[in-house]
Amino acid sequence: MNRPVNFNDPSGHCAELVTALLCAAAVGALVGATVSYASQVANNVSLNGWSSEAFTDVDGGKIATAAVSGAVSGVVGLTVGLGVAAITGTGFLATVAGGAIAGAASGQASRAVVNTREGKSWNDGLFNSQDMITDALIGGATAGFGHILGRIKFSSKYVTGDFEPNSTTQYNITKSSGGSGAAYAEYDTATTRALYRADLEGPAHHGIPTPHQHNALWNPVPGKGLTFNGWGTRAWQNVFPANPIKAYIIGQMVK
1 MNRPVNFNDP SGHCAELVTA LLCAAAVGAL VGATVSYASQ VANNVSLNGW SSEAFTDVDG
61 GKIATAAVSG AVSGVVGLTV GLGVAAITGT GFLATVAGGA IAGAASGQAS RAVVNTREGK
121 SWNDGLFNSQ DMITDALIGG ATAGFGHILG RIKFSSKYVT GDFEPNSTTQ YNITKSSGGS
181 GAAYAEYDTA TTRALYRADL EGPAHHGIPT PHQHNALWNP VPGKGLTFNG WGTRAWQNVF
241 PANPIKAYII GQMVK
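Taking the working numbering, the leading residue of the sequence shown gets 1, the next gets one more, and so forth.
Heads up, some of the hints might be wrong.
[Claimed, not checked] Mimicking DSBU-like on lysine-lysine, the simulated pairs with C-alpha atoms at most 30 Å apart in a straight line are:
| # | residue 1 | residue 2 |
| --- | --- | --- |
| 1 | Lys255 | Lys157 |
| 2 | Lys62 | Lys120 |
| 3 | Lys157 | Lys175 |
| 4 | Lys224 | Lys157 |
| 5 | Lys157 | Lys62 |
| 6 | Lys62 | Lys175 |
| 7 | Lys175 | Lys153 |
| 8 | Lys246 | Lys153 |
| 9 | Lys255 | Lys175 |
| 10 | Lys153 | Lys255 |
Since the hints were derived computationally from the structure, they do not count as laboratory data.
This one's a predicted model, so the numbers in the text were calculated from it and none came from an experiment.
Working from the sequences, and respecting the hints, build out all of it.
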C-alpha cells in the first residue's frame, strides 16, 4: 500500500500527467509573477529613476494575480496542447497548430482570472478576435520553435574536423571545420547520406554571408552507386542562405 501508483495506475501515465500539470502550473505562475514584478519595477524606474523604492514599491496583489493567471494558463495550455497532439500527432505543423490553439485557450483563461481579480464579470472582454489571434500566433510560434529545438538537441552529436559523408545522427555539429569556424551538417536518417553542410562563421561564399549552406554532391558511379563528391563550395549555384532558426539554435549550442 506504499505504492499507490502501482495499485491505481499500473502504467504510471496518470502520475506522469499530474506531474506535468503541476510543473506547467508552477512554471506558469513563476513566469506570470516575474513578468508582473519586472514590468512594475521598469515602470517605477522610468518615472522616478533608479532607487531601492523602485524594487519595493510594487503591487503584491497584481503579482499574485499574475501568478494565478500564469498557473491557469500553463495548465490550460498543456491540457489543450496534449489533446490536440493526441488527435493531430506531433509533427512540426501539428505542433504549431496545437500551440496556436493552446495559446488562444490559455490567453482566454488568463483574462478570466484577471477579470475575477478586478471585480469584473469573468467573461468581460473574452473571445475578442484580435486578442485570440495574437495569443494563437504567439503560441504557434513558440511551439514551432520548441519543436525545432527539441529535434536538433535530441538528434545531434558533436564532432571534430571535417564532416563525414555518412552519419546515423541527423545533425553533426563542430566548433571548427575546414579551417573556419562553427558549422553543422544535416543527414538523411533513412539513407545516412549527407544533405548539406552549413557554415555558421567564416567568410562569404559567392556573395552569400554566413550562415550559409552548401549542398552535398552525390554522383552516380557505375557499379558503386552514389558516391560523395564534396560539398560543392566552388559552385555558386550550390550556395544558399541557411535556415535562420536552425542556424540560431545550433549557433547557441556551440558557444
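Checklist entry - Between lysine 157 and lysine 175, is the straight-line Cα distance small enough, at 30 Å or below? => result Status holds; Cα separation ~12 Å.
Checklist entry - For the pair supplied as a hint, lysine 175 and lysine 153, is the alpha-carbon distance within the 30 Å limit? => result Given pair lysine 175, lysine 153 holds - Cα atoms ~16 Å apart, limit 30 Å.
Checklist entry - Within 30 Å, alpha carbon to alpha carbon, are lysine 255 and lysine 157? => result This hinted pair holds, its Cα atoms lying about 15 Å apart.
Checklist entry - Quick one, are lysine 62 and lysine 175 close enough, alpha carbons at most 30 Å? => result Outside the cut-off at roughly 46 Å; violated.
Checklist entry - Does the structure keep lysine 224 and lysine 157 at a Cα separation of 30 Å or less? => result Answer holds: lysine 224 to lysine 157 is near 28 Å, not above 30 Å.
Checklist entry - Does lysine 120 lie within 30 Å of lysine 62 when you go C-alpha to C-alpha? => result Cα-Cα ~15 Å, so holds.
Next on the checklist: Hinted pair, alpha-carbon criterion (30 Å max): lysine 153, lysine 255. Please report holds or violated.
Outcome noted: holds (14 Å)
Next on the checklist: Hinted pair, alpha-carbon criterion (30 Å max): lysine 157, lysine 62. Please report holds or violated.
Outcome noted: violated (45 Å)
Item to check | Agreement of lysine 255 and lysine 175 with the hint, judged by alpha carbon distance not exceeding 30 Å | outcome: holds (8 Å)
Item to check | Restraint check for lysine 246 with lysine 153, where alpha carbons must lie at most 30 Å apart | outcome: holds (11 Å)
Hint check: violations occur at hints 5, 6; the rest are consistent with the structure.
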